[in-house]
Each structure stands twice: as structure tokens, then as C-alpha cells.
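Take 520 as the starting number for the sequence shown in our numbering and just add one per residue.
These are computed hints drawn from the structure, not numbers from a lab. Yeah, the Cβ is synthetic: ideal placement off N, Cα and C, and Gly gets one too. There may be inaccurate statements among the hints.
[What the hints assert, rightly or not] The calculated DSS-like cross-link candidates involving lysine-lysine, where the alpha carbons are at most 30 Å apart (straight line), are:
| no. | residue 1 | residue 2 |
| --- | --- | --- |
| 1 | K575 | K522 |
| 2 | K622 | K633 |
| 3 | K551 | K613 |
| 4 | K622 | K551 |
| 5 | K521 | K551 |
[Said to hold, decoys possible] Now the in silico label distances, taken between C-beta atoms and shown as ranges:
| no. | residue 1 | residue 2 | range |
| --- | --- | --- | --- |
| 6 | Q579 | A557 | 28 to 38 Å |
| 7 | A619 | K551 | 31 to 41 Å |
| 8 | N570 | G532 | 33 to 43 Å |
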Amino acid sequence: MKKSWTARVVTEGGTVKYTAGAASNPTPGYSKFILNLASPPNVTLTTVDGNTFTGKYELQNDKTIVLTGLTPVPTGTNGTISYTIDSVTDAELKVTRTTADPKTGGSLNSYTLKNP
Numbered sequence: 520m521k522k523s524w525t526a527r528v529v530t531e532g533g534t535v536k537y538t539a540g541a542a543s544n545p546t547p548g549y550s551k552f553i554l555n556l557a558s559p560p561n562v563t564l565t566t567v568d569g570n571t572f573t574g575k576y577e578l579q580n581d582k583t584i585v586l587t588g589l590t591p592v593p594t595g596t597n598g599t600i601s602y603t604i605d606s607v608t609d610a611e612l613k614v615t616r617t618t619a620d621p622k623t624g625g626s627l628n629s630y631t632l633k634n635p
């Protein structure tokens, strides 16, 4: 998990919004999405709108990734974002955000991430 991860497939509220390599995507901004866990406990998150946030991360019970102290503070988060880990391999990390994302209309989003 200690890698930099980029979006392969992203769903918002169960609807696919981005697939890497597709001819067209409803939300092409996910090509900018990066979850960089390569330097624990430091994290860098680049979101769908291209904004970058830095902070710390911790793994809880091998089931949840919690990002804390994010600066600048992402909208509606108080500086904390959590993801449930659905599965992880050397090449792929599947996570689901535990709270609605105000940047995507309040949807719960799932990310299938790849190691670039």
C-alpha cells in the first residue's frame, strides 16, 4: 500500500464516472486523482478538481485509511477523509469513501486505483 495510486475506475453513487484509457468519460477530471501513500505517515491527495492536499494517514485494522490534518482543509471535511479498503494487491487498491463528497454532489464514491 505504500505507493502512489492513480484512478483506474471511479464511481459516484454507483454510477461509473471515469475509466482510465476510455475514449471519453463523464468526469475526465479523475485523470488528476492521486492518493500518494508512498512516504508514511505523510499523504498527498489530489482530487477530481486538481486541488492538492497534504497531511498524515493511518491504517486502522487493515480496513480503513484515515487521512488527517489535511491542508488546505477540503470542503466539508474538517481536514479528515476516511476510506474503507475493499481490496488491495500490489497493483490495485479498491477503496470507498466513508462520507459523502460535497465536490461530487454529496455522493458516496468508490475508487479502483492503480499503481502508475
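Of the numbered hints stated previously, which ones are contradicted by the structure, given in increasing order? 6, 7 and 8
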